[in-house]
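Peer 1: Counting with my numbering, you get residues 570 to 748 for the letters of the sequence shown.
It cannot be assumed that every hint is accurate.
[Stated by the list, open to error] Below 35 angstroms or equal to it, Euclidean Cα-Cα: the simulated DSBU-like pairs (lysine-lysine) are:
id, residue 1, residue 2
1, 696, 738
2, 593, 738
3, 646, 723
4, 709, 723
5, 660, 642
Because the hints were derived from the structure by calculation, they are not lab data.
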Amino acid sequence: MKYLLVAEIANHFRCIDMIIDDAKAALTEKFIKELHLVLKNGTSDSRKDWFAVGDYKKLPNEVGGRDTALPEKVADKMKALLTEYSTKEEKTFEDILDFHVKFERIHPFQDGNGRVGRLIMFKECLKYNIVPFIIEDNLKMFYYRGLKEWDNEKGYLTDTCLTAQDKYKAYLDYFRITY
């Protein structure tokens with residue numbers, strides 16, 4: 570996030586407001602697209618013909634050397650992911666992480682997938698009364714390894730997110746906010 574433009578940083582704060590305002594609402598395709606729209610609105614990407622702000626990607630992309638869903642398959646894959654996720658009434662920490670990994674592997678947007686995905690995790694933690702967390706720069710490499718290795722070892726991503734959660738709990742403790 571070091572090199573984001575001022576517009577994207579301001580937009581990220583608007584997204585935080587959105588997830589706090591809508592924390593208890595169901596996670597929907599419409600909400601996810603709205604997050605992307607708010608995040609990327611008014612940025613240099615938004616002026617590119619091929620960049621679909623607030624909508625799914627038009628061109629193939631990859632993440633970490635891994636192929637992602639082809640543009641023509643994204644809508645169906647997202648619908649399936651959201652349907653699968655909504656089958657459980659109460660979500661656990663692992664359910665939220667599993668959704669995140671699957672979301673990142675689909676990589677539905679041209680850019681901003683990681684930020685949108687982490688915003689979704691934050692929202693879902695709030696919804697299910699789980700202390701949220703923020704993946705800061707010092708944890709990014711562990712986070713990426715956790716995403717990559719999820720199928721073989723869930724502990725990498727889980728432990729990274731729990732470490733981030735512990736830091737967030739320290740802030741809550743400092744400000745005497747109960748959780």
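Peer 1: Please go over all the hints and tell whether each is borne out by the structure.
Peer 2: Going through the hints against the structure:
no.	hint	verdict
1	696 with 738	holds (17 angstroms)
2	593 with 738	holds (20 angstroms)
3	646 with 723	holds (22 angstroms)
4	709 with 723	holds (16 angstroms)
5	660 with 642	holds (26 angstroms)
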